[in-house]
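**Student:** One-letter residues, chain by chain:
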Amino acid sequence: METMQLPPQWSTFAGHVDWAFYFIYYLSVVLFVAIIGAAMYFVYKYRRKPGVKAEPTGHATVLEITWTVSPLAILAFLFHIGFRGYIDMTVAPADAMEIRVRAKKWSWDFEYPNGGHSNILHIPVHRPVRLVLSSEDVIHSLYIPAFRVKRDAVPGFYSTMWFEATQTGETDLFCTEYCGAAVGTTEVAEGDPNVGREGNRRHVGHFSMITKVRIQTAAEYNTFLESILRPPTDPATGREATPEKWGEILYRSQQCNTCHSTDGSAMTGPTWRGLFGRQRQFADGTSGTADANYIRQSILQPNSKVVQGFNGVMPSFAGTLRDNQIDALIAYIRTLR
Amino acid sequence: MATEVAGAHGHDEPDHLAPYLSPEAGRGVKGWLLTLDHKRIGLMYLISTLLAFFMGGVFALLVRLELFAPGRTIMSAEYYNRAFTLHGAIMVFLFIIPSVPGALGNFVLPIMLGTKDVAFPRLNLLSFYIYIIGATFSLYSIVTGSVDTGWTFYTPYSTTSQTSVVSMVLGVFILGFSSILTGLNFIVTVHKLRAPGLHWKRLPLFIWGTYATSIIQVLATPVLAITLLLLAAERTMGLGIFDPALGGDPILFQHFFWFYSHPAVYIMIVPGMAVASELFATFTRRAIFGYFAVAMSSLGLALVGFLVWGHHMFTSGQSEWATMLFSALTMLVAIPSGVKVFNWTATLYKGSIELTTPMLYALSFLVLFTIGGLTGLFCAVLNTDIHLHDTYFIVAHFHYVMMGGTVMAFVGGILYWWPKMTGKLYDEKLAKVSWLFVFIGFNTTFLIQFVMGSKGMPRRYYDYLPQFEIYHKVSTFGSWLLLIGFSICAFVLIKSLRSGAKAPPNPWGSAGYEWQGTESPPVMQNFRETPTITRGPYDYHLCTDEELFDGFPEDLKK
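Quick note, the sequences are listed as chains L and U, same order.
Every number in our numbering is 7 more than the matching position in the first sequence, counting from 1.
Every number in our numbering is 371 more than the matching position in the second sequence, counting from 1.
Don't take each hint at face value.
As the list claims (entries may be wrong) - Here are the simulated SDA-like cross-link-like pairs (lysine to any residue), alpha carbons at most 25 Å apart as the crow flies:
#1 Lys721(U) <-> His133(L)
#2 Lys826(U) <-> Ser35(L)
#3 Lys826(U) <-> Thr167(L)
#4 Lys56(L) <-> Lys572(U)
#5 Lys721(U) <-> His66(L)
#6 Lys572(U) <-> Thr178(L)
#7 Lys60(L) <-> Gln533(U)
#8 Lys572(U) <-> Gln308(L)
#9 Lys826(U) <-> Pro63(L)
#10 Lys803(U) <-> Val50(L)
#11 Lys60(L) <-> Leu414(U)
#12 Lys826(U) <-> Ile72(L)
#13 Lys312(L) <-> Lys803(U)
#14 Lys826(U) <-> Val132(L)
#15 Lys826(U) <-> Ala67(L)
#16 Lys721(U) <-> Lys312(L)
#17 Lys721(U) <-> His124(L)
#18 Lys721(U) <-> Val50(L)
#19 Lys572(U) <-> Tyr32(L)
#20 Lys844(U) <-> Thr178(L)
#21 Lys56(L) <-> Lys844(U)
#22 Lys826(U) <-> His133(L)
#23 Lys844(U) <-> Arg209(L)
#24 Lys219(L) <-> Lys572(U)
#25 Lys56(L) <-> Gln533(U)
#26 Lys826(U) <-> Lys60(L)
#27 Lys52(L) <-> Lys572(U)
#28 Lys826(U) <-> Thr218(L)
Rather than coming from a laboratory, the hints here were simulated on the basis of the structure.
Bear in mind that the values here come from a model prediction, so they are computed numbers and not experimental data.
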């Protein structure tokens with residue numbers, strides 16, 4: 008059920024949270040109307056009239072003690088419902104399925120039990136899912152409004168959260184801890200729902216660290232799990248994508264395009280156009296050829312050879328990209344003559 | 372007091388105990404810049420904090436304008452991040468924290484206490500110049516690359532950001548000392564310089580609130596200073612305190628930061644409450660109901676304020692025990708806040724209420740602070756906070772408290788004490804028009820943000836999904852109404868300075884000590900003779916008609 012003030016209820020927690028929300032909401036409305044209603048009435052009734060003086064303020068000790076002490080009972084009850092709900096959110100069932108979440112500027116990486124990865128969170132419906140979060144750079148926070156859950160991803164620290172989806176569908180996932188923005192605009196795929204007014208270029212940052220949660224039936228979910236180990240289907244041919252095509256898909260889905268252009272312009276990182284086979288000057292004074300091994304090393308240990316004129320800010324993709332995906336990226340870069 | 376002092380003329384010789392308050396000492400530019408007179412220091416604070424409010428307001432308008440439409444509207448993402456950071460940092464550190472204590476407190480507090488000046492006049496001037504130096508550092512940061520960390524400076528973002536964080540952090544560090552010195556000065560002044568007969572039970576509630584605020588300033592600000600110094604040390608020397616890459620703990624920064632910044636919320640709101648109490652008393656012509664409870668609730672907020680910092684960190688990964696404890700303690704904030712709201716409402720009962728502009732601001736304070744307080748319940752209750760944390764719901768909540776509370780009280784206070792500060796009256800009719808724009812504009816801007824937030828719109832977003840566009844449009848429209856309202860208000864005050872009618876000593880007919888027995892504006896040494904206090908500041912039933920109805924000149928004719 009989606010209400011005027013809250014998103015649809017798609018997790019087992021949502022009902023409890025919304026009950027607490029609307030309990031406080033109606034309590035607040037009643038208190039507000041009572042207090043402000045009385046105040047406004049007094050302002051009207053006791054407006055200054057010639058010859059009428061204010062009545063000296065007396066004492067009403069009982070009244071004062073009442074409104075000092077009695078809110079405690081309401082507050083204790085509010086604490087109770089909030090705490091109950093919070094403990095439910097904190098303690099994951101023992102049989103919860105685990106998905107590893109790695110946050111980095113400005114994308115999410117989800118690693119599934121079979122070792123596959125995706126940028127969209129796929130989960131099966133009616134099954135408790137436990138997320139183990141970490142961050143590679145600054146603090147991020149994973150927020151799924153439809154589930155009413157949120158947890159920070161802190162560098163150097165694992166945090167966990169869990170939920171159980173109650174229906175299939177697709178909903179939004181946001182980053183809610185401010186994490187900056189890229190300099191300038193970034194090229195995005197055509198047809199990307201996030202394309203801005205600049206056509207196929209847009210700003211990237213905290214606000215674009217948005218993805219989707221796709222809640223699937225058990226069968227759909229299993230199909231998905233298998234698919235992430237193989238190259239995706241090329242929509243043009245209807246068959247499994249070639250390594251070059253897969254590399255191009257990964258270039259966008261892994262958000263390499265946040266920092267690397269394919270049109271020759273330098274962004275946060277060097278362009279990929281004409282990169283393959285070129286001589287590179289490194290910041291430490293050494294040089295080398297941009298061959299397959301160099302590209303592989305740059306993906307897995309990006310700060311080992313930083314090209315002159317750039318900052319070593321790229322996060323490592325070790326553990327995120329499998330060997331055949333790295334091969335596909337190299338194949339794609341080779342096509343960018 | 373008052374009776375034997377009011378209207379006593381012919382005592383123009385300065386008091387020999389305070390030669391710096393002689394008319395000779397006050398002439399020219401030097402007489403202002405090197406003044407030790409609390410009134411002039413207060414006015415200099417007023418001008419500086421209003422300039423800061425203007426700057427912070429411009430950034431707020433830019434942020435709202437950028438959010439008018441999805442995608443790029445007027446600026447790039449990097450500049451948006453700087454704009455909202457500067458809006459927050461300027462409003463918190465350069466405007467709200469020094470606003471009421473620095474400007475109104477400095478002007479009014481010694482007069483209310485029936486004394487010539489604060490306890491340490493030189494320290495008072497020093498505190499103002501420390502504020503100016505801190506503000507200069509912050510401005511230097513703005514022109515040299517600015518800051519994009521948010522006003523909270525969370526690590527490791529702030530230790531890795533390419534922007535000029537160190538100068539901003541040093542600016543805030545320096546501003547902290549200004550805050551500490553003002554607090555210290557006020558505490559000593561309240562203890563040592565009360566006029567004869569002014570015992571604690573006769574202290575105006577503005578003094579009680581300012582006193583409670585001063586205690587927080589003195590106790591909490593050093594923690595911020597240490598935290599920011601550690602942050603600067605980590606950035607410049609690679610000392611591993613907060614950055615996990617250097618072996619530090621980023622959550623530790625949040626604990627340190629909020630250990631100051633949550634009490635700072637009370638540094639910001641308690642003075643607003645203190646002003647509101649004065650306004651309610653004067654414009655109902657009645658003592659504040661439950662005076663003792665209202666006075667103690669300020670101290671209660673100061674105390675509880677130190678115990679709840681962890682409620683900013685419910686999603687951070689702090690231990691469940693800490694989360695539980697902080698949620699429970701946070702509930703306690705509702706008690707002293709509720710006491711104040713109930714007592715103000717009861718004060719209106721059987722009062723003689725006059726809807727002047729300052730009173731309209733006081734009533735706005737009551738309405739908006741009540742909304743701000745009640746929406747705080749959603750944030751204190753754990754499971755609802757998990758959903759609402761870092762969304763626009765939080766943005767709306769604290770704007771209702773900070774802007775709906777403190778700023779409304781501050782503007783109300785300025786308009787209330789304006790005749791005393793400047794000796795000029797202003798156009799009440801036009802001031803009421805500006806109030807209407809401010810009140811409606813404020814609610815248009817922020818009420819809708821509660822809905823946007825509970826629907827899931829995260830804060831500090833440069834861009835947003837299409838389902839949030841309508842809320843952002845309404846909110847931005849509201850910000851324009853606020854602009855109109857504050858512009859009219861500025862016009863009213865400037866017009867009053869240039870061509871306002873001369874103010875009588877007590878235009879509002881208040882029994883408050885600062886209105887009785889002083890001229891408008893007060894003479895350099897405030898009083899021509901040290902007053903002896905013989906009754907409370909709200910004892911309207913003990914005042915003669917002459918004392919109370921020494922109102923606007925046109926009222927006198929009636």
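**Student:** Check the hint pairing Lys826(U) with Ser35(L) against an upper bound of 25 Å on the C-alpha distance.
**Tutor:** Holds. Lys826(U) to Ser35(L) sits at ~19 Å (cutoff 25 Å).
**Student:** Taking 25 Å as the top limit, are the C-alpha atoms of Lys56(L) and Lys844(U) close enough?
**Tutor:** violated, 43 Å
**Student:** Lys803(U) and Val50(L): Cα distance at most 25 Å?
**Tutor:** With a Cα-Cα distance of about 16 Å, the restraint between Lys803(U) and Val50(L) holds, given a limit of 25 Å.
**Student:** Keeping to a limit of 25 Å between CA atoms, is the pair of Lys60(L) and Gln533(U) held or broken?
**Tutor:** violated, 64 Å
**Student:** Has the given pair, Lys826(U) with Ile72(L), been kept, meaning a C-alpha gap of at most 25 Å?
**Tutor:** violated, 38 Å
**Student:** Against the 25 Å threshold, does the CA-CA distance of Lys56(L) and Gln533(U) hold or violate the hint?
**Tutor:** Roughly 63 Å between the alpha carbons, so the hint for Lys56(L) and Gln533(U) is violated.
**Student:** Take the C-alpha atoms of Lys721(U) and His133(L), compute the straight-line distance between them, and say whether it is at most 25 Å.
**Tutor:** violated, 60 Å
**Student:** Given the hint that Lys844(U) pairs with Thr178(L), does the C-alpha gap stay at or below 25 Å?
**Tutor:** Measuring from Cα to Cα gives roughly 23 Å; hence the hint holds.
**Student:** Can you confirm whether the C-alpha distance between Lys721(U) and His66(L) stays at or below 25 Å?
**Tutor:** holds, 14 Å
**Student:** Do the alpha carbons of Lys572(U) and Tyr32(L) lie within 25 Å of each other, as the hint requires?
**Tutor:** Roughly 38 Å separates the two Cα atoms, so the pair is violated.
**Student:** Decide if the proposed pair is consistent with the structure: Lys572(U) and Gln308(L), CA atoms, cutoff 25 Å inclusive.
**Tutor:** violated, 70 Å
**Student:** Is Lys572(U) close enough to Thr178(L), meaning Cα to Cα at most 25 Å?
**Tutor:** violated, 59 Å
Of the numbered hints listed earlier, those contradicted by the structure are 1, 4, 6, 7, 8, 9, 11, 12, 13, 15, 16, 17, 19, 21, 24, 25, 26 and 27.
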